[in-house]
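Visitor: Here is what each chain is made of, one letter per residue.
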Amino acid sequence: MQLTPSETLLWWLGIGLKFLLCALVFYRRLYRRLPFFSFYIVLLVVEVTVVWWVYREWGYRSFPAWYTYWSASAVVLFARALVVAELSWTSLRSYPAIWSLVRKLLGLIAVAVLTYAAIMAIRNRSPIPGFVLTAEHGLEISFAVILVALLGFGARYKVALGPVERNIVIGLWVYSAFQVINNAFMSQWMNRYFHWWVSTRVIAFDIAMLVWIAPLRKTLPPAEPGPTLLSESVAVRLLRELLAQMREITEEMKRITRSKWK
Amino acid sequence: MVSIVVVILLAISLIVFLRQQKDIARRIASQRDVPRENLVPRHYKSFTEVEKTLWAAVQKQKRSTAWEDVRFKGSEPEFQIVRDYLRGVREDFRRGHRIFGQVIIHSPEMNLFAQLEWQRVKSEVAYYRWCASAWLRLQTGGISIDDLRQLTEIVATLAYRVRTMLTAFEKSGNLEFVDSILRQS
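Just so you know, the sequences run in chain order A and B. Each residue of the first sequence is one higher than the one before, starting from 1 at the first, in my numbering. Each residue of the second sequence is one higher than the one before, starting from 263 at the first, in my numbering.
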C-alpha cells in the first residue's frame, strides 16, 4: 500500500503530536495524578517507534510487521480500557456504593466483549486481527457509553470533573465515536473504504490528542480536594434512620390526605 | 445504522452534560463566600407573606370571587409577586435536590442508596408534575393559591428532609462533611 502525500502528512502530524503529548505529560507531572493515562501516552510513543522500526527493517508487508502491528494495537487498546477504568475510579472513588457497582459493571462489560472477541477470533481465518478488531468494535461503543454515563452521573449528582479529566474524557469519546461510525461504514464498503477508514482513524486520534494537549499547555491546577468523607458505620446508621423517618412522614401525609377526602 | 444513531444520541447527551459540568464548576466557585444560611432552601418560608400580599392586592381590586377560586394570570400586575415567589421556590427545590443528591451518594451500601434515590425521584416527579400542570393552567385560566400551596408543600417536604439530614450529620459531629456538602451543592 502506497501512502498519498496527505496521508503521509497526517501520519507525521500524528507522530509529532504523540511525542509532544508525552513530553507534556512528563513536564506537567500528570503521571502523579493519572498514572494509567500517562502510561497509555508512553505506550503510544513506544508503539509508533517500534512499528516504524519494524516496517523499516522488514518491510511493510512482512510477517514481523504484521504481527507487530496487531500486537501493538491489542496492547494500546488494553491500555485505553485501563484509562477509561482510571477515569471512572478517579470520579467515583469517593462514593463507595456507586463505585462498587460501576466496578462490577466495567468488569462485566470487559468479560463480555473479550469473550465475544475470542469466539469471533476462533471462527476467523486470521485469529489475531479478528480478535483485535472485534474487541475494538465492542470496546469502542462501550467506551463511548461509559464516558457519557460518567458525565451524566456528574450532572445528576452535581459532581464536577477537573479540567484535565474532562478533556481526557472528551478526547477519548471523540476517538471512540469516530471509530464506531468508521467501523459501521467499513463493514458496509470494506475494500473501497479502506483508505478513508485509516485516514479517519488518524484524524480522529489527532483531534483527541489536541484536546488532551490543550489543558497541559498551562501548569495543572491543584487537584480539587475531594468531598469530606464520613465513616462507613456512621453513614449507614444515619442514612437508615433518615430513610425510616422519610417513610414515616410519607405514610403520615398519605393518612392525612385520605382523612381529608373522607 | 443503529450504531450511528447511538453515537448521535450520545453526542447530544455529551454536549448537554458538558454544559452542566461547566455550570456546576461555576456555581461551586461563585458560592464559596455565600453565608451558610443562604445555601439551604429558604424562600418557601415566605408563602404566608406572599399569600397575604396577594390577598391585599385582590381586595384592592374588589374582586368578588372566593379566595380559593381567584386565578392569577401572567398579564395581571400581582402576578409579579407570584413570579418572584416561584423563582425563589424553584431555586429552593434545585438547591434541596442537589444537597439531597450529594448526601445520598456517600451511602456505603447500594441498597440504601437505591432506596434514598427512590425518595429523591419521587419528590422530583411531584415537582415536575406540578410544573407541567401549572404551565397548562397558565395557558388556560391561571394558577390559584391552592396551586401555590401544593408547590410549597412539595418544596417544604424536601427542605425538611434536607434539614433533618444535615442536622443529623451535624449532631453526630460531622460538621466538616455538612460544610463540604453545602459548598459543593
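Hints were generated in silico from the structure; no laboratory data involved. Note that the structure is a prediction, hence the values are computed from the model and not measured. All C-beta atoms in this analysis are idealised placements derived from N, C-alpha and C, irrespective of residue type, glycine included. Hints may contain errors.
[As the list claims (entries may be wrong)] To give a feel for the contact side, a few chain A residues facing chain B, derived at Cβ under 8 Å:
#: 1; residue: V148
#: 2; residue: V164
#: 3; residue: P215
#: 4; residue: L242
[Stated by the list, open to error] Computed list of lysine to aspartate or glutamate pairs in EDC-like fashion (alpha-carbon distance at most 16 Å, straight line):
#: 5; chain 1: B; residue 1: K314; chain 2: B; residue 2: D408
#: 6; chain 1: B; residue 1: K314; chain 2: B; residue 2: E353
#: 7; chain 1: B; residue 1: K322; chain 2: B; residue 2: E338
#: 8; chain 1: A; residue 1: K254; chain 2: B; residue 2: E340
#: 9; chain 1: B; residue 1: K307; chain 2: B; residue 2: D346
#: 10; chain 1: B; residue 1: K335; chain 2: B; residue 2: E415
#: 11; chain 1: B; residue 1: K284; chain 2: A; residue 2: E251
#: 12; chain 1: B; residue 1: K284; chain 2: B; residue 2: E338
#: 13; chain 1: B; residue 1: K335; chain 2: B; residue 2: E353
#: 14; chain 1: B; residue 1: K307; chain 2: B; residue 2: D441
#: 15; chain 1: B; residue 1: K384; chain 2: A; residue 2: E165
#: 16; chain 1: B; residue 1: K433; chain 2: A; residue 2: E241
#: 17; chain 1: B; residue 1: K384; chain 2: A; residue 2: E248
#: 18; chain 1: B; residue 1: K314; chain 2: B; residue 2: E330
#: 19; chain 1: A; residue 1: K104; chain 2: A; residue 2: E86
#: 20; chain 1: B; residue 1: K322; chain 2: B; residue 2: E340
#: 21; chain 1: B; residue 1: K307; chain 2: B; residue 2: E353
#: 22; chain 1: A; residue 1: K104; chain 2: B; residue 2: E353
Visitor: So if I understand the rule, the pair passes when the alpha-carbon distance is 16 Å or less; does A/K104 with A/E86 pass?
Guide: Satisfied, since the Cα-Cα distance of roughly 14 Å is no more than 16 Å.
Visitor: Quick one, are A/K254 and B/E340 close enough, alpha carbons at most 16 Å?
Guide: Violated. A/K254 to B/E340 sits at ~33 Å, over the 16 Å cutoff.
Visitor: With a cut-off of 16 Å on the C-alpha distance, tell me whether B/K307 and B/E353 pass.
Guide: holds (13 Å)
Visitor: Need the status of pair B/K433, A/E241: alpha-carbon distance at most 16 Å?
Guide: It holds: about 13 Å lies between the C-alpha atoms, which stays within 16 Å.
Visitor: Straight-line Cα separation of B/K322 and B/E338 no greater than 16 Å?
Guide: holds (13 Å)
Visitor: Holds or violated: are the alpha carbons of B/K307 and B/D346 at most 16 Å from each other?
Guide: holds (13 Å)
Visitor: Tell me if the straight-line CA distance from B/K314 to B/E330 falls inside 16 Å.
Guide: holds (13 Å)
Visitor: So if I understand the rule, the pair passes when the alpha-carbon distance is 16 Å or less; does B/K284 with B/E338 pass?
Guide: Violated. B/K284 to B/E338 sits at ~37 Å, over the 16 Å cutoff.
Visitor: Given the hinted pair B/K335 and B/E353, is their Cα-Cα distance within 16 Å?
Guide: violated (22 Å)
Visitor: Starting from B/K322, check that the Cα of B/E340 is at most 16 Å away, please.
Guide: holds (11 Å)
Visitor: Going straight from one Cα to the other, do B/K284 and A/E251 come out at no more than 16 Å?
Guide: violated (39 Å)
Visitor: Once the shortest beta carbon distance from A/L242 to chain B is found, is it less than 8 Å?
Guide: Check passed: Cβ of A/L242 comes within 6 Å of chain B, closer than 8 Å.
Of the numbered hints listed earlier, those contradicted by the structure are 2, 3, 6, 8, 10, 11, 12, 13, 14, 15, 22.
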